[in-house]
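Counting in UniProt numbering, the sequence shown runs from 1 upward without gaps.
Okay, derived cross-link-like pairs now, DSS-like style, lysine-lysine, Cα gap no bigger than 30 angstroms in a straight line:
| hint | residue 1 | residue 2 |
| --- | --- | --- |
| 1 | LYS67 | LYS102 |
| 2 | LYS102 | LYS131 |
| 3 | LYS131 | LYS67 |
Since the hints were derived computationally from the structure, they do not count as laboratory data. Because the structure is a prediction, the values reported are computed rather than measured.
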Amino acid sequence: LKSRLLSHGRIWRWHTEMISHKEKEKKKKEVISLRPQVAKEENAFAVCHIFAAFSDSFVSVTSLFGKEAICPMTGGMTVKADQNESLPYSCKVLGTTALHIKPWLTVGNRTKTLGSEVHSVLRALVRSEKKIEQIEDVISIPSDSTCKKGGHHL
Numbered sequence: 001l002k003s004r005l006l007s008h009g010r011i012w013r014w015h016t017e018m019i020s021h022k023e024k025e026k027k028k029k030e031v032i033s034l035r036p037q038v039a040k041e042e043n044a045f046a047v048c049h050i051f052a053a054f055s056d057s058f059v060s061v062t063s064l065f066g067k068e069a070i071c072p073m074t075g076g077m078t079v080k081a082d083q084n085e086s087l088p089y090s091c092k093v094l095g096t097t098a099l100h101i102k103p104w105l106t107v108g109n110r111t112k113t114l115g116s117e118v119h120s121v122l123r124a125l126v127r128s129e130k131k132i133e134q135i136e137d138v139i140s141i142p143s144d145s146t147c148k149k150g151g152h153h154l
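Given these sequences and hints, build the entire structure.
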């Protein structure tokens, strides 16, 4: 119903009118798709940032330039079973076909090698038929010669 204020002499009254179907169609908003606009034979690229802590793995997928976050989530946000924590379901829904992977580790004087958390995420991405274009090494290595605590000096 559409209402307007009309005057009848000294009395102001609200009048309601029925809105036609054409006006309703004009008011409908366009649905914006988050899917990448590519041809059928082309790959839709995204960047997969993997942060592997000792107890959990954080996976966030962004656009190629890093401006739009497609799916920022941890493994426990999607499923409750520990074995299904790294399933890349939201990438599959949004239509990304190829990934650039950037694994991160905990900084400081801890281990500098990729652990089992990163390997489980990579295994899940490969099994979901995603093309892995490149794995970029972005592991930060401290340059201030920090040593492990507890007398493990070199």
